[in-house]
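So the sequence lines, in the order shown, correspond to chains A and B.
According to the numbering used here, the first sequence holds residues 1 to 113 in order.
According to the numbering used here, the second sequence holds residues 1 to 113 in order.
Treat the hints with care, since some could be wrong.
As the list claims (entries may be wrong) - Examples of chain B residues toward chain A, derived with CB under 10 Å:
#, residue
1, GLN37
2, VAL47
3, GLU56
4, SER58
5, PHE65
6, PHE91
7, PHE104
As the list claims (entries may be wrong) - Derived EDC-like pairs: lysine to aspartate or glutamate, alpha-carbon spacing no greater than 20 Å straight-line:
#, chain 1, residue 1, chain 2, residue 2
8, B, LYS42, B, GLU1
9, B, LYS42, B, GLU59
10, A, LYS56, B, GLU100
11, A, LYS42, B, GLU1
12, A, LYS42, B, GLU3
13, B, LYS96, A, ASP84
14, B, LYS78, B, GLU68
15, A, LYS105, A, ASP49
16, B, LYS42, A, GLU39
17, A, LYS56, A, GLU15
18, A, LYS105, A, ASP84
19, B, LYS78, B, GLU100
20, B, LYS57, B, GLU100
21, A, LYS105, B, GLU3
22, B, LYS96, B, GLU53
23, B, LYS96, B, ASP71
24, A, LYS71, A, GLU15
25, A, LYS68, A, ASP49
26, A, LYS68, A, ASP31
27, B, LYS42, A, ASP49
28, A, LYS105, B, GLU68
29, A, LYS42, B, ASP86
30, B, LYS83, B, GLU53
31, B, LYS96, A, ASP49
32, B, LYS83, B, GLU44
33, A, LYS42, B, GLU44
34, B, LYS83, B, GLU59
What the hints contain is simulated information worked out from the structure, not anything from laboratory work.
Just so it is clear, the structure is predicted and the values come from calculations on it, not from any experiment.
Where is the CB? At the ideal position from N, CA and C, for every residue including glycine.
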Amino acid sequence: GESVGLHLPTLSVQEGDNSIINCAYSNSASDYFIWYKQESGKGPQFIIDIRSNMDKRQGQRVTVLLNKTVKHLSLQIAATQPGDSAVYFCAENPPSRDDKIIFGKGTRLHILP
Amino acid sequence: EPEVTQTPSHQVTQMGQEVILRCVPISNHLYFYWYRQILGQKVEFLVSFYNNEISEKSEIFDDQFSVERPDGSNFTLKIRSTKLEDSAMYFCASSKRGQETQYFGPGTRLLVL
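Chain A with its partners taken away, still in its complex shape (with noise of 0.2 Å):
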């Protein structure tokens, strides 16, 4: 079936250090994937996507790597900030469906001062 997850619930970092989100996915044939950032009370804020024809993307501070030989990917948030405080949840758009997005459970972000 479709899934994807996340490896921690949560995940506290120093203010200033990098951040590491990581999600696996279990559909070897999927092929776009996108990471959200949720603060409280408000909606998914699109961060950053990669498909299957890259392994590596960056945006600002952020870069998202895409191992498909182990079906991983990952979320790297550079100087993290106590603006970064939010639930991160990986996302896939599964083959097929050109429509439906899968959410992973998402991990909670904490900033330590």
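Assemble chain B onto chain A, guided by the hints.
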């Protein structure tokens, strides 16, 4: 920057009543979606809508749910005869095309008493 908007932000209703949740997708987007998030859980896909018809729906989206695009800007989710378990955050999203970035609205918090 264009955003998806949703109204109302909060809705309290009695069990068995009908509710209509409203969304204004980003203006040049062609695909529209509804998702829900029960408190503390992951975001779940409900339905996608394209070219004035449902293109995909989940098993959650049963006969009590319906969607409509009544005019050129609004996209609505109707829940007939609400149940206690319908209490959740409901998010609208839109994308330019299928399998492209979906942008989410701020959500409507629905509480069924």
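### Numbered hints the structure breaks, given as an ascending list
Of the numbered hints, 5, 8, 13, 17, 19, 21, 24, 28, 30 do not hold.
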